[in-house]
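Protein chains in written order, with numbering that gives the first Met the number 0: chain W, 0 to 134; chain Z, 0 to 134; chain L, 0 to 134; chain F, 0 to 134.
A few of these clues could be false.
Just so you know, same-sequence chains aren't split out, so a pair can sit in one copy or run between any two.
[To be verified] Below, a list of computed lysine-lysine pairs in the BS3-like style, where the Cα atoms sit at most 30 Å apart: (1) Lys45 to Lys62; (2) Lys90 to Lys116; (3) Lys76 to Lys45; (4) Lys130 to Lys45; (5) Lys114 to Lys76.
In short, the hints are calculated from the structure, not lab data.
4 protein chains.
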Amino acid sequence: MFESTTQVRVRYGETDKMGYAYYGNYMLYYEIARTDALRSLDLTYKELEDDGILMPVLDLQSKYIKPAFYDELLTIKTTIEELPGVRIHFKYEVFNESNDLLNIGNTTLVFIDAKSKKPCSPPDYFMDKMKPFFR
Amino acid sequence: MFESTTQVRVRYGETDKMGYAYYGNYMLYYEIARTDALRSLDLTYKELEDDGILMPVLDLQSKYIKPAFYDELLTIKTTIEELPGVRIHFKYEVFNESNDLLNIGNTTLVFIDAKSKKPCSPPDYFMDKMKPFFR
Amino acid sequence: MFESTTQVRVRYGETDKMGYAYYGNYMLYYEIARTDALRSLDLTYKELEDDGILMPVLDLQSKYIKPAFYDELLTIKTTIEELPGVRIHFKYEVFNESNDLLNIGNTTLVFIDAKSKKPCSPPDYFMDKMKPFFR
Amino acid sequence: MFESTTQVRVRYGETDKMGYAYYGNYMLYYEIARTDALRSLDLTYKELEDDGILMPVLDLQSKYIKPAFYDELLTIKTTIEELPGVRIHFKYEVFNESNDLLNIGNTTLVFIDAKSKKPCSPPDYFMDKMKPFFR
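Using the sequences and the accompanying hints, generate a full structural model.
Now the structure itself:
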């Protein structure tokens, strides 16, 4: 299992007239969380794209438990529970500064070859970084 | 069962460097779809808020089947399958101009009293519009 | 001079906790306004990109006069005051349903060759559509 | 004169199909830059709002010099050149990791009383923090 945490502050432009972080903006927070999770292993999504690999999102679940408010510093705990193959699953738990659990998210992404647009395995250097966490 | 369709064009600012509509922007499309669904019954979310009722999203599932591209005119079929109570479920099916199914979404929203922040029943005028579809 | 009008409804996700359409979202409205202006001449920005021409924004001015609120149907009057060359200027006036002027915007975009990334003239078919308005 | 710097990383969802940070997202970057500028003086915009003061944007200019790309860590230098009164001016200079100047922005915001919606002076504690920089 691989775990990582990242922090993100709720921007004014991310709130809505209810005063909450808009429900659609959690997808941006998840994106930051998973790229930071990879970055903590010296893997950048940018590098993967430069190598001709795209990682579109296949599916997404999100559970909104409590609202996040403007200027709150959110902590996101990101977990990869199983060794990635052609697909990679991320789980996100979003906490506020009082350590209340605000949101739980799950996304599945697929590795695809940018040219053929076909699913593919992650590159070896990616798997080499991942494997130690799943023994 | 209640059904409604709405259309939305993919904005340039909604695309990402993959050239796809960014996965987080479907939540904006769902929002438009459900407010248009209510509007087709002469119900506006704005009016509900003015009456002191908020409708935050409780949970969300989204399945990304094919990408949507810049400037495509998407058609969203919105379905309410069961009579709303304190909670209301919307299902969304997003199609492109070739009638390919791109995305399926589900959201649960809850009616809450803006003052007490407690769940509440939808107002009578709301239910009066809904009931004829669930006989 | 070329004029066009387009309409856009303020989405919930575009409001902020003040209850106003967030100031940064006017740039999305301007984008819609100028692409609709071109579309009214059977010119699509998508087609230009497919022909290897990009049109990034060079500069932008925006004056916020009155706020736009959730669910308001805004009318945007878009004007091209001078015949485009390598650069094209758009002016936007945003009105609410009471015909109050809410916002005035100006953008300059430049035609660039996608390969060389150098400024270029707009294609002939583009100029052919434009010229009749500037005699 | 008051100066502050802040950093922001370009999110995937902030890019567009050109591969650039979308021009409308700079307004989010400016927002982060000015709230961080105030925060460096122990002033938070949230606190001002809680005290019944809003700060909508009155006008905005932005000059796009070079594009920002996905995952770049941008540095924004924020400057307040004159002592704020009812209005406050911020200037922003956005640099990439190679220290190239990408964008220059200017915004004017106005202090308004949330109840009366009329312009007002900033509170004393705000001015007390500002004054030392303008002697």
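Legend entry - Alpha-carbon proximity context of Lys130 and Lys45, limit 30 Å: within (21 Å within a copy, 43 Å between copies)
Inset, instruction - At 30 Å max between alpha carbons, let me know whether Lys114 reaches Lys76 within a copy, between copies, both or neither. - result: Close neither inside one copy (33 Å) nor across copies (32 Å); limit 30 Å.
Legend entry - Copy assignment of Lys45 with Lys62, given that the CA separation must stay at most 30 Å: Result: close both inside a copy and across copies, 28 Å intra and 24 Å inter.
Legend entry - Intra- versus inter-subunit Cα pairing at 30 Å for Lys76 with Lys45: For Lys76 and Lys45, the Cα distance is within 30 Å both inside one copy (22 Å) and across copies (25 Å).
Inset, instruction - With 30 Å as the alpha-carbon cut-off, assign the pair Lys90 and Lys116 to within, between, both or neither. - result: Both: 25 Å inside a chain and 28 Å across chains, each within 30 Å.
Checked against the numbered hints above, the structure violates only hint 5.
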